[in-house]
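Here are the chains, one letter per residue:
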Amino acid sequence: MNPPPRSLSLWALASALSLSVGACGSSDPAPLTPDASIADVPAADAPAASVAIAFAHTVGGAPLALGTTTPYTNAAGNAFGVTRLSYFVSGVTLRLRDGRSVTAPGARYLDAAMPATLSFALPGAAPVGELASITFVMGLPPELNISGAFSSSPESLMEWPEMMGGGYHHMKFEGRYINREGAPFNFMAHSGGLNRADYSFAVTLDASGRSITSAGASFTVRMDVAEWFTRPNTWDLNDYFNATHRGIMGDAAAQASLRENGASVFSLAAP
Amino acid sequence: MSARGPGWVALLAAALSLTAACAQEAPSNARELIDLRVPRSFPRMIVPEDNPTTRQGVALGRQLYYDRRLDPRGARACADCHLQNRGFTNPMVRGVIPHVNLAWSYYFLWDGHFEGGLEEAMRMEVEVFFGTDVNRLREPDLEEMFLAAFGTREITTRRAAYALAQFQRTMISHDSRFDRYVDGDASAINESERRGMQIFYSERGECFHCHATRLFTDNRFHNIGLDRQVAGTGRGAVTHDPQDDGLFKTPTLRNVERTGPYMHDDRFATLEQVVDFYSEGLVYSDTIDSLMPNVSGGGMRLAPQERADLVAFLRTLTDETFLNNPDLGPPRR
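Protein chains in written order, with the working numbering: chain A, 1 to 271; chain B, 1 to 333.
Here chain A is said to cover these stretches of chain B; the calculated rule only asks that three of the stretch's residues, wherever they fall, bring their Cβ under 8 angstroms from a Cβ of chain A:
| id | stretch |
| --- | --- |
| 1 | 32-44 |
| 2 | 198-205 |
| 3 | 280-290 |
Partial list, derived from the structure: chain B residues whose beta carbon lies under 7 angstroms from chain A:
| id | residue |
| --- | --- |
| 4 | ALA212 |
| 5 | ASP218 |
| 6 | ASN294 |
| 7 | SER296 |
Covered by chain B, per the in silico footprint, the following chain A stretches (three or more residues, Cβ under 8 angstroms):
| id | stretch |
| --- | --- |
| 8 | 143-153 |
| 9 | 156-164 |
| 10 | 173-186 |
Treat the hints as calculated values from the structure; they're not laboratory data.
A quick note: this is a predicted structure, and the numbers were derived from the prediction, not measured.
Each residue gets a CB set at the ideal place from its N, CA and C atoms; glycine is no exception.
Okay, chain A solo, but in the shape it has when bound:
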């Protein structure tokens, strides 16, 4: 860990973020930034509604069950199971067909083992109308990925070592697979800003046919975890997690590969 030179502005932002986290508490599903403003908020006399967003996790369409067994099979034929899944999403935005939008600014910590983190309401009232898309950043974009920004657990436990660039993990995706020798072997698909290269990425989900009505709306974003290993890069876990290659945090090629595979990981659940 190198001595972290930090600019005053970064510290100010980090402090502000910390204050926000502190105010919310670690299990409070409120956003992790203090400026919870809404873009294009409806005028006072315009129809508006409350909107809830939930994240769900699947494997090949079936609900993900965390555990130490290996009940799933990836595209490379590896039997695997998932023990831990936590990640950040940032700037969740609902865009209407008429151009208006509503955003939950800042970052949100999601943890498959902590149901309270998996759903949240957008701040304020959302505009009523037909949706075009739901967008967000998977992970923390550089402006939010600042060491010290999160002072409380569990967010703070996502820290990414300073000697690898600092900031926070975008994702911790861990479990067990059966290796070529037929033995259970741990895998740790951790992504983050390795040496300040940004491996977060934008996700855009087609939401046509969905709408926000005056009665409100709720949407569920699904992450199919098997897709992290599927396309365009098929991951044989033996190649990434073995006796000499323990993990991928320091592997820029693996970070890039995982980010590419992220393109097909998320979908919008049926209404």
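Position chain B against the provided structure of chain A, taking the given hints into account.
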């Protein structure tokens, strides 16, 4: 307190009621709130509203920490199992958790048998572990200290526990050579220690995910591969969930050089033995944590020099300021 310890910054306006019905309830003096000066790199410290940290409360807590009157038999005090120069552990007592930075804990003991804040943990210590008889505490010196700390001479186990919690909040270790290095003093660690730090903060060593943040603990439970048979042990003995069998709370590594022997059952006498275990001694069980590397190969498989470097780094976490802070030692008469 030391220059880096708590400072006295504010006066708690203890309202003296001249019409108090009971003179015993009248505070003898104003209580002074303490600014604990939590390092900015530490998590936010939560202090409950009903137990603000005051100079008088800390003084009472410190007195009780070293006072065998807390024990109905008068045989032991907290400090008998928690020696300051051993990082508030005791090598002669099995499984002692270091009393350091506990203000950020929400599980206590290796299996998390007690959950909550320091107040709840200290009530357990007073009421369950010691089984304190408040009649033994009803002596003039302590009554005066309770009066100063809580505005009443009435001694209760709850007030004793709250005072101990206040004292525990002052037990902050943050001035090791590692801290000085991270804060900008590049000369604070040598080349071997720097190499060890690189192992620590990489997946080669895979230490930092559990020994996380500047607290060097994630306050969570893990099966690190000590034993093949884990049924009914560790966290599982508390939750009765087989998924928790063999899991134990991550201990802080602060002052780890002084807090041996190591692991929940004191099975390793030295840091070298601990690193050897992580390097080649891991064994598989169903609940082993997914963070444990190369379990079938025994672990990290570090070369001898790498092991020496990692141990050298761990020794940079020794905080002499904390270990020798007179304000954490026995109260002066």
